[in-house]
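Turn these sequences into a full structure, and let the hints guide you.
Protein chains: 2
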Amino acid sequence: MRTFFRPRSVAVVGASRRRGGYHLIKNLLVGYKGRIYPVNPNYSDIEGLPCYPSLDTIPQPVDLAILFIPAPSVPGVLETCARKGIRRVMIQSAGFAEVGPEGTRIQSRCSEIARQAGIRIWGPNCMGLVDVHNRTYLSFMHPRIHEAGLTPGPVSLIVQSGMLSAGFLADLAGRGIAGIAKACSIGNRMDVDECDLMEYLLEDEQTRVIALYLESVPRGRRLVEMARGSPKPILLLLGGRSRSGAKAALSHTSSLAGDARLSASVLQGAGILLMEDFHQMMETAEGLAMLPPLGNPCRVAILTFSGGAGILSCDLLEREGFVIHELAETTKKEIRRVFPPWMPVANPVDLYPALELHGRVKAYHEALSAVLRDPGFDVVLIHYFAGLERKDLDLPAIRDEARQRGKGVLFWVIGLAEEVAAFQKKAKAVGLPVYRELLRAAEALTAARSWTATQRATPRRGHPHGDPASTERRIRA
Amino acid sequence: MRTFFRPRSVAVVGASRRRGGYHLIKNLLVGYKGRIYPVNPNYSDIEGLPCYPSLDTIPQPVDLAILFIPAPSVPGVLETCARKGIRRVMIQSAGFAEVGPEGTRIQSRCSEIARQAGIRIWGPNCMGLVDVHNRTYLSFMHPRIHEAGLTPGPVSLIVQSGMLSAGFLADLAGRGIAGIAKACSIGNRMDVDECDLMEYLLEDEQTRVIALYLESVPRGRRLVEMARGSPKPILLLLGGRSRSGAKAALSHTSSLAGDARLSASVLQGAGILLMEDFHQMMETAEGLAMLPPLGNPCRVAILTFSGGAGILSCDLLEREGFVIHELAETTKKEIRRVFPPWMPVANPVDLYPALELHGRVKAYHEALSAVLRDPGFDVVLIHYFAGLERKDLDLPAIRDEARQRGKGVLFWVIGLAEEVAAFQKKAKAVGLPVYRELLRAAEALTAARSWTATQRATPRRGHPHGDPASTERRIRA
Chain A
2 MRTFFRPRSV AVVGASRRRG GYHLIKNLLV GYKGRIYPVN PNYSDIEGLP CYPSLDTIPQ
62 PVDLAILFIP APSVPGVLET CARKGIRRVM IQSAGFAEVG PEGTRIQSRC SEIARQAGIR
122 IWGPNCMGLV DVHNRTYLSF MHPRIHEAGL TPGPVSLIVQ SGMLSAGFLA DLAGRGIAGI
182 AKACSIGNRM DVDECDLMEY LLEDEQTRVI ALYLESVPRG RRLVEMARGS PKPILLLLGG
242 RSRSGAKAAL SHTSSLAGDA RLSASVLQGA GILLMEDFHQ MMETAEGLAM LPPLGNPCRV
302 AILTFSGGAG ILSCDLLERE GFVIHELAET TKKEIRRVFP PWMPVANPVD LYPALELHGR
362 VKAYHEALSA VLRDPGFDVV LIHYFAGLER KDLDLPAIRD EARQRGKGVL FWVIGLAEEV
422 AAFQKKAKAV GLPVYRELLR AAEALTAARS WTATQRATPR RGHPHGDPAS TERRIRA
Chain B
2 MRTFFRPRSV AVVGASRRRG GYHLIKNLLV GYKGRIYPVN PNYSDIEGLP CYPSLDTIPQ
62 PVDLAILFIP APSVPGVLET CARKGIRRVM IQSAGFAEVG PEGTRIQSRC SEIARQAGIR
122 IWGPNCMGLV DVHNRTYLSF MHPRIHEAGL TPGPVSLIVQ SGMLSAGFLA DLAGRGIAGI
182 AKACSIGNRM DVDECDLMEY LLEDEQTRVI ALYLESVPRG RRLVEMARGS PKPILLLLGG
242 RSRSGAKAAL SHTSSLAGDA RLSASVLQGA GILLMEDFHQ MMETAEGLAM LPPLGNPCRV
302 AILTFSGGAG ILSCDLLERE GFVIHELAET TKKEIRRVFP PWMPVANPVD LYPALELHGR
362 VKAYHEALSA VLRDPGFDVV LIHYFAGLER KDLDLPAIRD EARQRGKGVL FWVIGLAEEV
422 AAFQKKAKAV GLPVYRELLR AAEALTAARS WTATQRATPR RGHPHGDPAS TERRIRA
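Taken in sequence, the protein lines are chains A and B.
Positions in the first sequence are counted from 1; adding 1 to them yields our numbering.
Positions in the second sequence are counted from 1; adding 1 to them yields our numbering.
If you are wondering where the hints come from, they were derived from the structure by calculation, not from laboratory data.
Computed from a prediction, not measured in an experiment: that's the story for all the values here.
A hint or two may mislead.
Which copy is meant is left open, so a pair is good if it fits within one copy or across any two.
With a straight-line Cα cutoff of 25 Å, these simulated DSS-like cross-link-like pairs (lysine-lysine) come out [as the list claims (entries may be wrong)]:
| # | residue 1 | residue 2 |
| --- | --- | --- |
| 1 | Lys408 | Lys363 |
| 2 | Lys27 | Lys248 |
| 3 | Lys334 | Lys408 |
| 4 | Lys363 | Lys392 |
| 5 | Lys426 | Lys363 |
Encoded structure:
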């Protein structure tokens, strides 16, 4: 798989001066460090790069060929790849098994040629690879998607959906949700599938969590085995579970959902976290990358600026089995130092009057230090209003103090738009998860607790941060 | 209640040149059209307004007194109100029943004075009223909250939380969620309560939906009766349902959640929609304000740019009992005009290749017209990517066509941040709901279907738009 992710040279068959064929070249020019060979008999050059009439006229060896040409021309080009010794091919064009019998015939022909020549094929009917950390964009996505600014982060995606590997990434970045490591769009996955990519991503330094959107799980047994041995959390959103959804999946990526319907209990038993929606999956994935292991019972302290939000947090967390009990007497005594005398200290800690008295920096830091030192708590959920005061929390200090105490800290933030965006960015940059809805914060904590339970049931595996066992990255291959 | 919402003159006792007492005056000066009397013996003027040493030195009559002074001073000032004939008082300061026995004693004393003098009291321990359409801000909230821009809209809030009536509104505006009519923060509701305010809001032209955050429902029977007679949807988020949440509610607004715990089935039986989280409540409320009545079965057509999003929409909607069936043959034939020949037409309608062929305006409008004319559908869920193409949909035309056909149209949008924000704004301005997460779109449709069922069970009530019965606004008072 390494050659797909880090090719030394890429040929783009179907490169062009317009639309997708143009985007492929433009996107490669952004950050890809290897050699680029546009291939199209109609051009002499594209974006200053010499253009070749065919693959076999390229004088140098080619690591990876990206094909963006009509489906009927693909088998012929694959034969050229075979002759030229190109062993990795990414077919981004559509018109294969997803469109009916004629496309299925072409796809089978491609399979046959590839098998005989030892070529691995990624796709067809996909948007390829977006590697955010390395700014390597092997995709015909519109350049404005990455120009809008993608956020590098700990979550890698494997998806049977072009949208989720392109437009969705821009949407996430715009909303300050989930930084991305690699997004792999696998389309009809005639050869390279989610298991192949997971094997690579489980070893990938930049990937701490893997999120999958699949429309069927044909290699269910393999997926379950890999999940059982995985030191990194795996989240799965399975599309096509409904009657109408399954029908649509057939014409989308030629996926027969009914064929390999795995029971939720088998998947969950292997530690796979099942998700319901795209954004929910990404926000939960980010929480898993940033939160430490959480036991059960898991005891939560809440710092808030709003009594109502504190109460609702109790309701949402208790419903999920979290414990919100009293603070220790010593903790109360410490917090009382920033409270007005008339106000009793309790959990949730309502900091509003303390903020008025001492400003938010002092109020939050004193209260947070006290609850982090209280041995009765595993996690602190901090409610924060971004805006109104200029001085902001010392987020690296909060992260360090939480780590030192082995505790989880996460934020729920509301506020003025720009200040919220800035706060999200700063907090995530130091590894503190931020949620804009209480429900999502509760979901992330629930997922982290569940993931920890899976890990402890099979103790050889480590947590992606903190736990020394994780450095071994032991994967049963 | 009218005097609270539209006072001809307001005295602010505890007006000041700093903090809350200053914000009250600054906020009034923004859009309030009546006379403003700051009251504070320490100042001669505030923001250019003459300041009075006490209420009884104001030469003119006063409709409403807002009290922002320490709790112990409140009973004395109420006696002055009684003498001066002020019959509406809003107590925004804290330190009453929520803080313990001493505060409870003060609150009882206030109650007594008010009863004897015929004074109605709003609060204490609240943030008052934010009337977005009229820019009347009777609240000590920080001026930056409204300076950031609040969005006028169809949803009125009644909340036992200051945050939800102030900072939260700025947060909603920043995220493009739910335009607000009036936000009423009722605090300890020693006199004026949610039922009193609902009576007013049920008659209020600008309010089409009422959303409540309450920490107990002491007048549960009255609430249920009003909900049964209401032509406007009522949503309720009840805080303090958990053990720890109930305990926190006691010290927040002195609410004894356990006292009047109403069963969910009684509330739902009256047509009240029960919610789980703040943002979810607001997004659902907005959907209810904009969607037409929806029957059961409710048949949904999906237009999408992403096969994966289409499939997931099927899964989420079918789970809630929505029907996603085939398009009529004539509809398919019409849509085929914008499809490439190799692509079969189905529901969800995957417009991606059509967008590539014809641009999105033509592709969306042709497909949408076709499904709106198909008698087999009640609702169209449109997936939209904002950005990349300059030409945008004709949203007023879509709204008109949907209304003419008596069908619901709602959007799920992702995309580039600025373009998404602009699209949200434009769509909501013409009355089309927009969601950024599929789960939320499904929740809104589910709520609208449930609300329609309640209405049909008691046919005297009308839907806030479309249905002629609604104009009667028949409320059992």
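Tested hints:
no.: 1; hint: Lys408 - Lys363; verdict: within (21 Å within a copy, 54 Å between copies)
no.: 2; hint: Lys27 - Lys248; verdict: neither (36 Å within a copy, 59 Å between copies)
no.: 3; hint: Lys334 - Lys408; verdict: within (21 Å within a copy, 60 Å between copies)
no.: 4; hint: Lys363 - Lys392; verdict: within (10 Å within a copy, 50 Å between copies)
no.: 5; hint: Lys426 - Lys363; verdict: within (22 Å within a copy, 38 Å between copies)
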